[in-house]
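Listed here are the chains, written in short residue letters.
Protein chains: 2
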Amino acid sequence: MPQDPSDEVKLLRSDSATARPGGRTARTGQAVMDATIAELSEVGYAALRIESVAERAGVNKTTIYRRWGDKAGLVATAFIERQGEASPPVDTGDLREDLLSFLREVRRAFDSPWITALIRETGPRSPGDGGIHEVLDKIWPARFALSRGIFAKGIARGDLPPEADPDFLVEAAAGPLYFRWLFLGRELTDDFLTRTADLVLRGAAGPQVATEPSGADGA
Amino acid sequence: MPQDPSDEVKLLRSDSATARPGGRTARTGQAVMDATIAELSEVGYAALRIESVAERAGVNKTTIYRRWGDKAGLVATAFIERQGEASPPVDTGDLREDLLSFLREVRRAFDSPWITALIRETGPRSPGDGGIHEVLDKIWPARFALSRGIFAKGIARGDLPPEADPDFLVEAAAGPLYFRWLFLGRELTDDFLTRTADLVLRGAAGPQVATEPSGADGA
Numbered sequence: 025m026p027q028d029p030s031d032e033v034k035l036l037r038s039d040s041a042t043a044r045p046g047g048r049t050a051r052t053g054q055a056v057m058d059a060t061i062a063e064l065s066e067v068g069y070a071a072l073r074i075e076s077v078a079e080r081a082g083v084n085k086t087t088i089y090r091r092w093g094d095k096a097g098l099v100a101t102a103f104i105e106r107q108g109e110a111s112p113p114v115d116t117g118d119l120r121e122d123l124l125s126f127l128r129e130v131r132r133a134f135d136s137p138w139i140t141a142l143i144r145e146t147g148p149r150s151p152g153d154g155g156i157h158e159v160l161d162k163i164w165p166a167r168f169a170l171s172r173g174i175f176a177k178g179i180a181r182g183d184l185p186p187e188a189d190p191d192f193l194v195e196a197a198a199g200p201l202y203f204r205w206l207f208l209g210r211e212l213t214d215d216f217l218t219r220t221a222d223l224v225l226r227g228a229a230g231p232q233v234a235t236e237p238s239g240a241d242g243a
Numbered sequence: 025m026p027q028d029p030s031d032e033v034k035l036l037r038s039d040s041a042t043a044r045p046g047g048r049t050a051r052t053g054q055a056v057m058d059a060t061i062a063e064l065s066e067v068g069y070a071a072l073r074i075e076s077v078a079e080r081a082g083v084n085k086t087t088i089y090r091r092w093g094d095k096a097g098l099v100a101t102a103f104i105e106r107q108g109e110a111s112p113p114v115d116t117g118d119l120r121e122d123l124l125s126f127l128r129e130v131r132r133a134f135d136s137p138w139i140t141a142l143i144r145e146t147g148p149r150s151p152g153d154g155g156i157h158e159v160l161d162k163i164w165p166a167r168f169a170l171s172r173g174i175f176a177k178g179i180a181r182g183d184l185p186p187e188a189d190p191d192f193l194v195e196a197a198a199g200p201l202y203f204r205w206l207f208l209g210r211e212l213t214d215d216f217l218t219r220t221a222d223l224v225l226r227g228a229a230g231p232q233v234a235t236e237p238s239g240a241d242g243a
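Just so you know, the sequences run in chain order A and B.
The opening position of the first sequence corresponds to residue 25 in the numbering used here, with each subsequent residue numbered one higher.
The opening position of the second sequence corresponds to residue 25 in the numbering used here, with each subsequent residue numbered one higher.
Incorrect hints may have been included.
[As the list claims (entries may be wrong)] Example chain B residues on the side facing chain A (calculated, C-beta under 7 Å, incomplete):
(1) Tyr89
(2) Arg91
(3) Ser136
(4) Gly147
(5) Arg149
(6) Pro151
(7) Gly154
(8) Gly155
(9) His157
(10) Glu195
(11) Gly199
(12) Phe203
(13) Gly209
(14) Leu223
[What the hints assert, rightly or not] A short, non-exhaustive set of chain B residues, derived as facing chain A with CB atoms under 8 Å:
(15) Thr87
(16) Pro148
(17) Leu160
(18) Asp161
(19) Trp164
(20) Ala176
(21) Ile179
(22) Phe192
(23) Ala196
(24) Pro200
(25) Arg204
(26) Leu206
(27) Phe207
(28) Gly227
(29) Gly230
[To be verified] Covered, in the sense of this in silico footprint (three residues per stretch, anywhere, with C-beta under 8 Å from a C-beta of chain B), are these stretches of chain A:
(30) 66-79
(31) 156-162
(32) 197-205
(33) 223-229
Honestly, the hints are just simulated from the structure, not real lab data.
Ideal Cβ placement from N, Cα and C applies to all residues, glycine included.
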């Protein structure tokens, strides 16, 4: 279940929990993350082989299987750790500023070859999707955990009504960027990001009509 | 330019303008549209061959090239005509009802094998995208022409402020459905559609911050 927080925690900690900073385990982890991202950029997810990652990182492939379980776990961990480092959760104390930073982070991700490699392979769920959704289902809970915090803090500060649904608002804010970039092929201008943020914030401040949490019908 | 209305009109009329209803030209057009959709469902866009469509429709391939120009023009015409027939623009006179009907239409499209075939092949724009974006760039202006009417009528009725941007609102409303279905793999429940429509309408009714029309930076 993508929404299971224990999943998320396990993934977020799969590297650091076993690593002393600067220690051998940590160095191996960094080398494998680097190799995973390099392989993703070059061959994408479906064609990615753990053997190639191991060779590139100079480690034994059994080390990778033991520590990250499988290809989906390895790639999801690389995504979560590297994206997390690239864009730590923002907390300016201002809801609109935090939301704009999140939308700029989404836009930045579209410039990243290893992330676009994952997106390129993402299609409607089907036996032919190369298992890419196994990865997405591990990635989203962790990404949502960071992003929903923007709205949760807004609710805590009283900038949003208590009944606002942070998960739903993440989808409402990020969705138009994915749609515009991937399907319309139109530029994600600062203006578009600002208008999207302002529409979502105005919409969120109104009376909420939620009858179930956004994640309740999660895959 | 996807937003060029003349494109749209040419595409929308490419069949009907040359056909007397019930006449031979019209029958040929229907046979070719049927064959195009059947081929799309089976092999997708990149692998679709005009020869196979012609064979399936029992027409000469030169007829197809003469009438629809190329593969992109043929597929875009099939999409626009068949989707248009499947879901004529709604006009209940009620903005919220019209928007909900539009979102239900988007959800229905995701059940259509020949439409999901197009979506499956859609990736970030690149030389490797099989020219799928040539088709999308022909399809969107026609789809937006129908969808933006929902909001344009709302503005005309005074249900939305005159400065509301119908194109932007189509992206804001449809984007979350594409994102949820394609990337999150979560069900597009009636509740989700209702919440999306209500958020967009609340957001649209507030002060608009647009500094440029949504299409102005179009690809």
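These are the hints, each one checked on the structure:
no.: 1; hint: Tyr89; in the structure: violated, 26 Å
no.: 2; hint: Arg91; in the structure: violated, 27 Å
no.: 3; hint: Ser136; in the structure: violated, 11 Å
no.: 4; hint: Gly147; in the structure: holds, 4 Å
no.: 5; hint: Arg149; in the structure: holds, 5 Å
no.: 6; hint: Pro151; in the structure: violated, 12 Å
no.: 7; hint: Gly154; in the structure: violated, 11 Å
no.: 8; hint: Gly155; in the structure: violated, 13 Å
no.: 9; hint: His157; in the structure: holds, 6 Å
no.: 10; hint: Glu195; in the structure: holds, 5 Å
no.: 11; hint: Gly199; in the structure: holds, 3 Å
no.: 12; hint: Phe203; in the structure: holds, 4 Å
no.: 13; hint: Gly209; in the structure: holds, 4 Å
no.: 14; hint: Leu223; in the structure: holds, 3 Å
no.: 15; hint: Thr87; in the structure: violated, 31 Å
no.: 16; hint: Pro148; in the structure: holds, 5 Å
no.: 17; hint: Leu160; in the structure: holds, 6 Å
no.: 18; hint: Asp161; in the structure: holds, 7 Å
no.: 19; hint: Trp164; in the structure: holds, 6 Å
no.: 20; hint: Ala176; in the structure: violated, 17 Å
no.: 21; hint: Ile179; in the structure: violated, 15 Å
no.: 22; hint: Phe192; in the structure: holds, 6 Å
no.: 23; hint: Ala196; in the structure: holds, 5 Å
no.: 24; hint: Pro200; in the structure: holds, 3 Å
no.: 25; hint: Arg204; in the structure: holds, 6 Å
no.: 26; hint: Leu206; in the structure: holds, 6 Å
no.: 27; hint: Phe207; in the structure: holds, 6 Å
no.: 28; hint: Gly227; in the structure: holds, 3 Å
no.: 29; hint: Gly230; in the structure: holds, 4 Å
no.: 30; hint: 66-79; in the structure: violated (count 0)
no.: 31; hint: 156-162; in the structure: holds (count 3)
no.: 32; hint: 197-205; in the structure: holds (count 8)
no.: 33; hint: 223-229; in the structure: holds (count 7)
In terms of the numbered hints stated before, the structure departs from hints 1, 2, 3, 6, 7, 8, 15, 20, 21, 30, listed from lowest to highest.
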